[in-house]
Amino acid sequence: MNSSANPPMGPVVTALAVAEGRHLLASRVFWSGLAIALLGTGVFIRSALAEESPTWDDDAWTMGVSFFLAAIFVMVAVNRAALRDRREHAVEQHEALPAPRSARVAGLFAGALWPAAVTSVLVGGGVLFAATRLDVPAVSALFVIHNAVLVLMLGAVGLVLATWMPSPFVAPVVAFALFLIAPGETPAAWHVIWPFATLETWGLAAWHIGYLLALALLFAAIASGRPDWRRGQTIVALMSGVAVVVSLTVLISGVCPPRGPCLL
Amino acid sequence: MAVPWHPLAIALMVGAVPAVAGRGESVAFPTALLAAAAAFAIDDPSHETLATSPTSLLRRRLHRLTVVAPMTVLGWAALVLIPVAGGIQETVTLVAMFAGLFALSVGFASTIASRNRGRGGALGSSALLSALIVSSIFPPSWRPLPMGDVPGGWGALQTRWSLSAMAGMVIFLVASRDPAARRVWQRP
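First to last, the sequence lines map onto chains A and B. Here the first sequence is numbered in this note's numbering, starting from 1 and rising by one per residue. Here the second sequence is numbered in this note's numbering, starting from 1001 and rising by one per residue.
Just so you know, the hints here were simulated from the structure itself, not pulled from any lab data. Be aware that a few hints might be false.
Here are some chain A residues pointing at chain B (derived, C-beta under 7 Å) [stated by the list, open to error]: (1) S32; (2) V65; (3) L69; (4) V76; (5) V127; (6) V173; (7) A175; (8) F176; (9) L180.
Owing to the predicted nature of the structure, the values given are computational and were not obtained by experimental measurement. Cβ atoms here follow ideal geometry from the backbone N, Cα and C, with glycine treated the same way.
Based on the sequences and whatever the hints tell you, model everything.
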């Protein structure tokens, strides 16, 4: 087999990531999510400017929630991009390309970094603005990284759904579930499983970011493993699975201390 | 007529999960899911081929909805209406809510399908989700698509959802005007 049959994966994945990232940024679904994020941020800025004594805890939630919702829209956008072949009846043509399917999945996963970067820059701007007007807890700085990893993780969810359940309706179903089903009002330790959970200490917040990152890698490995599992994908899936279990164990055991309220 | 049934099947299966899990009071999730699934009834793979047929776009879409709507309504009644509805006011409110979400979903999907080679289901259901999210940003007294209690009780809920249903129908009718049809003022 010559080298043209097995091109190096790195440049292919990079080129696909650039192209898919641009497509994701231009997609109408991403812009819908971005509009909601900007609306929530606008409500927060208005409260911070107009109210007499605004606080981070009482007013900034509109910005946080709106960026969580934008991340859900990124999941739908990535799912639509991953289903493009099937929608345009081009699966067979693309199977004839020298780049394997795993490279295309990896390119799309890396392409989700573009919306993650854009939304994180906006979140960072919102947090910086808040820091000029309000007393912002230092741990809120991690919210910027949390947002980027959340977008990446939900993008991987969109990918895995497109690969294993290739229907255009499945991603909207998951989106409706994430929007309409909440874990409950009373904080409990198992609520840390929820990707939108925000934690009040540096250590726990960092562990939650690690948990989301491990989930993203796990989903990406599962998505790229169809139709043929390779050793690299198995190793990534196993390592990220172990990381998910370890981070969840740390979070669940530490988030609700025996004395005092849960740190959610 | 190729009607995609899998969205309805998925919505019925996933929408039944809250009831099976003992959260039978959950109305919003199965109702929104079934309404979103109805958007896929508008998806027409032969949209461009049939564009020149004597049957108008509106009539073609109504045919598709006539096939899908009864199954959707039956599924919703089995999942939500029969287990949840208590009195007449609650029943009317639930019906108005489903009608509103269904009409908006179909209206959004029709608008998108007219600009997207006959395919509007996926983006239409996403548009419905966007509308619900934007609605939830408003305070309850101004919320146009209320998924919970609002000031004014049953009457306010029924009014708002009925208006949403009418808005959805208007959007559907406007989006389903056949582009090949001559305008009224152009007719001899």
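Structure-based check of all given hints:
no., hint, verdict
1, S32, "holds, 5 Å"
2, V65, "violated, 9 Å"
3, L69, "holds, 6 Å"
4, V76, "holds, 5 Å"
5, V127, "violated, 20 Å"
6, V173, "holds, 5 Å"
7, A175, "holds, 6 Å"
8, F176, "holds, 5 Å"
9, L180, "holds, 5 Å"
Hint violations for this structure: numbers 2 and 5, all remaining hints satisfied.
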